[in-house]
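The UniProt record's numbering puts the sequence shown at residues 1 to 649.
Calculated from the structure, these hints are not laboratory results.
We put the beta carbon where it would ideally sit given N, CA and C, even for glycine.
There's no promise every hint is true.
Said to hold, decoys possible - Listed next, the in silico BS3-like pairs over lysine-lysine satisfying Cα-Cα at most 30 Å (straight line):
1) K170 - K459
2) K368 - K246
3) K73 - K223
4) K73 - K620
5) K258 - K292
6) K636 - K620
7) K620 - K558
8) K508 - K459
9) K368 - K242
10) K301 - K242
11) K508 - K558
Unchecked claim - Taking CB as the label site, the calculated pair distances span:
12) S490 - E194: 33 to 39 Å
13) T192 - L262: 31 to 37 Å
14) R300 - S472: 40 to 46 Å
15) R173 - Q94: 24 to 30 Å
16) S472 - T192: 49 to 55 Å
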Amino acid sequence: MTTRRRYHLSLDLWFLWTCALSSVTAAPPTPCEKDSDCHAMQAPESVCGSDGFCSNAFASGCLYQRMPGWTKKRVCNSEDPPDAAAQGICETPQFDYQEVRIMAGNWESITLNAWLMQILLSEILGVPTTLEASISARNSFFEPSGAFEYGSLDTVQSFENNFKYKGCEKASRDPDNYETCANLSPEFWIATGEWAQEAQQRGLLEPPEALGVLARESLFVPKFTLERDASLLSYIGMQGEKNRQKLADAFLRPTLWKDYCLEVSPNNCSTPDENAQRPPEDDDEGDRFFLKDEYTGYFRKTDANNCTLNPDTCTGHLVDYPCEWSSYAEQQLYHLNISLSGDKHGEGERGHGDWQTVQILNAANHTKSNVIIMWAQPDPFYQRLVGTDMELHAVVMPPVSQECLDHKRGYNDQCSGDMEIRAGDPRGACEDPMTLLHKVFATTLTDELNDPDIIPAEKSPAVPAIQQFSMSSPLYGDWFNVLIQHEALSKETTSLMRNATCNFVVDKFDVLLEKWIPFSYPRVVMDGQENSALIIASVVLACLSTVLAVAAAIVVHKTQHRRVMRYAQIEFLHLMLAGILVISSGALVTAIPPTMGSCVAAIWLVNVGYTMELAPLLVKVAAINRLMNASDRMQKINIERKDLFQVVF
């Protein structure tokens, strides 16, 4: 059975470098016989296709499907079929915006952020947007088949490849040589980590920007457990040999369904009892700790809990992360002398997978058995228990300090076979601090924004939209509640997450998406409505002006020997007529359909023409005024023609 790997980063740099996780949790395309099958497992608008699978009701867009009055489909992206626009799936982008490829991650909240950004960019702003998860994972909001898979995650390599190729277009999509690539992470847990700082210095990343959400990882215990023993809320009430027996008796080992039938049930579950209604039907069911209406789960005292048999080593059971995930529970428990162990149901391995942890929580809730788990918030499973007697409360650990953070165990040591190495330095046995989540994007996005060759009207709105994008813990909680209401949190019903998310988007449109739209966007290309009559009239007048200017020049040339022409100064008349001819040419260029060259030429022709026309006239008038002033004073004045031409030119 595959399990979803969660990307929790307890301020551990090494996790960023090594979190290329391989397993996926999949909700494959939903098989169907009739449309009603799709309504239950996808969305009310989903239909059963001729191939026997349900369609994704939101393949053309959430707003297009659900928003009243919204008629625009999303824009096509690089993962759509070449004829997607012709098929009516999407619309061809009006602008040549760079495609945004978002790191989708493999947990719920980052999926929400990635989907919200997809809807904002692809449906409202016209920016092609895809998601990066893994080689075969399909978790785009617009995935045509409606399949949903939590893929693997390698944030570092995704940004490195984006920097290497100056975008993701050249990254290999060959399954045998797949290169993960992204230019945006919508939920970044270690903005102050060493790699993030170094990447900014190299020009790979822009400075991370706050998302608006605080996150934490901690040990949690249920409310009903604290009502039985409030001392379990603090490490002080659990540490020391005096509390070993208490912890061993309080926190029993969860039992797999197959082990319950083989080792606990007197008849191998052949007849129903209070915990199991039947034996598991296959290995997948056998490896479950809980299955609704079939197996409630069972917690039992094993030899590991038996302090009579093992007085110095008995422990209570901690539901910890697998060693591949970043958890500091062992470092805390070892150095604070807390008798809890995260062994994996007797196999000597640490921790449980994500979905198994959820099953253990469900089993503890149904049987009201004590449990202590390593978990994180914000998280929908944490949210689902709020307000119940199973709501989770964080165990108080020693306060965090910089010295403690400096001595947290490294990621490479947490799977060591040597417990001394796994435990790390005793100075690192403090609580995990609250983490401010960030969004971070590659410099390739801002390079396009700052490109001087792209005119302002055609610059992408992606960067300003990402900068304005923000969330909050209450908004996360609202979305988690929507998932809970739609029963979209089980391993088998993740395909319902799109339906729940679209409802959330439509309900929150005014308070979310509208606030994220940058000023003056979205932009559209509008074909100018040409007034053919006005254009024809402009061309005719420009041509008439040109003809008249040429005709006047001919007349001046033929009559240049007449006295009136000599008095008018033939050279100045030629300059004025040349200026009028140039102006007429500028008017003609202005009247024809514009091009880059004609727009520049029209301005030059008009300005130069007016200069050639008016300058001689003004110089001549000035010379006449000098003559008149001299005559009034009965003075003789000599005006040289070359002086006048020097002023003109």
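Going down the list of hints, with the structure as the test:
no.: 1; hint: K170 - K459; in the structure: holds (22 Å)
no.: 2; hint: K368 - K246; in the structure: holds (17 Å)
no.: 3; hint: K73 - K223; in the structure: violated (47 Å)
no.: 4; hint: K73 - K620; in the structure: violated (66 Å)
no.: 5; hint: K258 - K292; in the structure: holds (15 Å)
no.: 6; hint: K636 - K620; in the structure: holds (18 Å)
no.: 7; hint: K620 - K558; in the structure: holds (22 Å)
no.: 8; hint: K508 - K459; in the structure: holds (28 Å)
no.: 9; hint: K368 - K242; in the structure: holds (25 Å)
no.: 10; hint: K301 - K242; in the structure: holds (19 Å)
no.: 11; hint: K508 - K558; in the structure: violated (81 Å)
no.: 12; hint: S490 - E194: 33 to 39 Å; in the structure: holds (38 Å)
no.: 13; hint: T192 - L262: 31 to 37 Å; in the structure: violated (49 Å)
no.: 14; hint: R300 - S472: 40 to 46 Å; in the structure: holds (42 Å)
no.: 15; hint: R173 - Q94: 24 to 30 Å; in the structure: holds (26 Å)
no.: 16; hint: S472 - T192: 49 to 55 Å; in the structure: violated (21 Å)
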